[in-house]
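Undergrad: Below, each chain spelled out in residue letters.
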Amino acid sequence: MKRFGLPMLLILPAYLIGTGVVREAIPLASAQSIKRIAEERSQRITGVITQVDAPGKTVTVKTKKEEVTLILSDTTKIVSGKEEKKFSDLKSGDIVTALAKEENGKMIAESIRISTSKAPSDTR
Amino acid sequence: MKKRFLGILFSVIFLPACMGNSFYHPTFKPCTVENNANSCKTNSIQAYTSPDGSENYTLGFVEFDDQGQLFDRNQLDSLTEALYSDVNSKDLLLIVFVHGWRHNSEESDENLAEFKKILKGTSSLETAVSKSDNRNARKVVGVYLGWRGLSVNAPGLTFFTFWDRKNTAHKVGHSGVIEVLSKLEMIKNVRNQKLRDPGSPAPTQLVVIGHSFGGAVLYSALSQVLMDRFIHPDQNVGVDGDVAGFGDLVVLVNPAFEALQFSTLRQMSNKRTYFNTQLPVLAVMTSEADTATGFWFPFGRFFSTLPEKYYGDEKSADRTALGHYDPFITHHLYYADYDSQDEDPEEPNCPGGGKKPANKKAEQSENRQERKLQVESSNFRDVKEGWDSDQLGFIGFPGSELEHHLDKSGPHNPYLNILVDKQIIPNHDNIYCKRVRDFIQHLIILSSPRPKNTTSNGP
Chain W
27 MKRFGLPMLL ILPAYLIGTG VVREAIPLAS AQSIKRIAEE RSQRITGVIT
77 QVDAPGKTVT VKTKKEEVTL ILSDTTKIVS GKEEKKFSDL KSGDIVTALA
127 KEENGKMIAE SIRISTSKAP SDTR
Chain L
787 MKKRFLGILF SVIFLPACMG NSFYHPTFKP CTVENNANSC KTNSIQAYTS
837 PDGSENYTLG FVEFDDQGQL FDRNQLDSLT EALYSDVNSK DLLLIVFVHG
887 WRHNSEESDE NLAEFKKILK GTSSLETAVS KSDNRNARKV VGVYLGWRGL
937 SVNAPGLTFF TFWDRKNTAH KVGHSGVIEV LSKLEMIKNV RNQKLRDPGS
987 PAPTQLVVIG HSFGGAVLYS ALSQVLMDRF IHPDQNVGVD GDVAGFGDLV
1037 VLVNPAFEAL QFSTLRQMSN KRTYFNTQLP VLAVMTSEAD TATGFWFPFG
1087 RFFSTLPEKY YGDEKSADRT ALGHYDPFIT HHLYYADYDS QDEDPEEPNC
1137 PGGGKKPANK KAEQSENRQE RKLQVESSNF RDVKEGWDSD QLGFIGFPGS
1187 ELEHHLDKSG PHNPYLNILV DKQIIPNHDN IYCKRVRDFI QHLIILSSPR
1237 PKNTTSNGP
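Here the protein sequences line up with chains W and L, keeping their order.
Residues 27 to 150 in this note's numbering are what the first sequence spells out, letter by letter.
Residues 787 to 1245 in this note's numbering are what the second sequence spells out, letter by letter.
Simulated from the structure, these hints should not be mistaken for laboratory data.
Remember, predicted model here, so these are calculated numbers, not experimental data.
Watch out, some of these pointers could steer you wrong.
As the list claims (entries may be wrong) - Straight-line alpha carbon distances no greater than 30 angstroms define the calculated DSBU-like cross-link-like pairs of lysine-lysine that follow:
#1 W/Lys91 with L/Lys957
#2 W/Lys108 with L/Lys815
#3 W/Lys83 with W/Lys132
#4 L/Lys952 with W/Lys103
#5 L/Lys1208 with L/Lys952
#6 L/Lys903 with W/Lys90
#7 W/Lys91 with W/Lys111
#8 W/Lys103 with L/Lys1208
#9 L/Lys1194 with W/Lys108
#10 W/Lys127 with W/Lys111
#11 L/Lys1057 with L/Lys925
#12 W/Lys117 with L/Lys969
#13 L/Lys1170 with W/Lys132
#14 W/Lys90 with L/Lys1170
#15 L/Lys903 with L/Lys957
#16 W/Lys112 with L/Lys1158
#17 L/Lys815 with W/Lys90
#18 W/Lys88 with W/Lys111
#19 W/Lys117 with W/Lys83
#20 W/Lys117 with L/Lys815
#21 L/Lys903 with W/Lys111
#22 L/Lys1208 with W/Lys132
#23 L/Lys815 with L/Lys969
#24 L/Lys1095 with L/Lys1057
#25 L/Lys1095 with W/Lys88
#26 L/Lys1208 with L/Lys1095
Unchecked claim - One side of the interface only, derived from the structure: several residues of chain W facing chain L at Cβ under 10 angstroms:
#27 Arg70
#28 Lys90
#29 Val94
#30 Thr95
#31 Ile97
#32 Thr102
#33 Val105
#34 Lys111
#35 Ser118
#36 Gly119
#37 Leu125
#38 Ser141
#39 Thr142
#40 Ser143
From the three backbone atoms N, C-alpha and C, an ideal C-beta is built for every residue, glycine too.
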């Protein structure tokens, strides 16, 4: 029996990797940690502004997937091209890209960039 | 007496400064670089490896003389032979670099040192993306095309070589470079069409990068190829499919050639719309602070084009470098802060550099290399999503934001002419700060052909 011990020790890992048992487990772990990293990071939200609430200092942005309400603070940086802008410059219909972090279920905007393009071309 | 004095003065000042027409890598045997890079400095094939896997690429050299001819055909043959041997068993990520004005292929050249950083960074990003995509990482191979971009090596005098080197750049582009590029593309095609499963992800990829007059070398070599592949007269793909470029992507950084040369391709490309599966095929990046192409180029062109006759806006386009010609600028790359989880650039010579790493706590508690791979993979997903939603015109890169001026070119137009913030590229030569490397590396991986069944097909 001992005679087969060493070869088995070498063959078994090779078999597991070859058949995908180990190979499948590694990416799964990586995918989970990537998801966790993504949750900790600022999220990029790109879309069209559908609503601006001046008293509440929020803007609602319609992205490809959903509508997201962004809460702006005094530190939120708003720019268009190289120009700094104010909250009052944001208006419905603007295409924007924002970086925001989720805090207690709310999206707090860190920065908002307003598109400088005049009108989007026809999309096919 | 006066003539003799001027002759001696000329010899004393100019001759020592004159750089020869040198062949820097005449040893064609492959060499593995371990601790001492100088041990391989004359070898034309150098393999870089590190035990932790952070540095894993091969670098090959092909050198041209001042007439645009190969110094030694055996140098090219030994490289292609090694690459054919590689593609028998694995996929490659082939990155070709053509250096610019005031550079050459000497081992101490700054362009060469920075190209190695791009290869190292791309190798790391490829490892991260392949891991999250559950596929094998491709082997990164760099090919450095050397020519006599540095003809005089004396401060203050190099400037006067601008127009002479521009002529040489076009000569090199029209001569031997197209042969080398075509042979590399053939290796890619042989691998992808004959040696691998056509449905499997991440095929062998070819990306070509040119800086400064290296951009002029490449555009001289490839402009007709790009136009032909846009029209694609032998099939209907010019209308019904995605546009092909040369290889998978051509990147020109601070290129020194006139906008008029790009005019036909621009007009043609704006006449059609693109499918969501279209990937970038040409990216031109020019710093707004590049005075070589922004001021000196039009200054020189003013005199050299005086006898020309023009129609409409042609005069301005013929005297302005492509990246500074406003009607043709389709994108703007803005400076942005890195996410707190990204590695902060510690580069004293770069804008925003010299800071301490922001995420020290995380580095202490987790495996740094593993975390780096995960952050890179997450960054790449943002870039890919941005390109896939190009109708909105924004793509977030690590440390920068790309805005597409959709009024100047439609969504997914594969020809990008990008004006770059001076905080990202501060001048003509310093094109390798981390933000630029990150941008180019992500663009390279973005342009990897995707398997047909995983992409949205059609508009």
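Undergrad: Under the constraints set out in the numbered hints, which ones does this structure not fulfil?
TA: 1, 2, 4, 6, 11, 12, 16, 17, 20, 21, 22, 25, 26, 29, 30, 31, 32, 34, 35, 36
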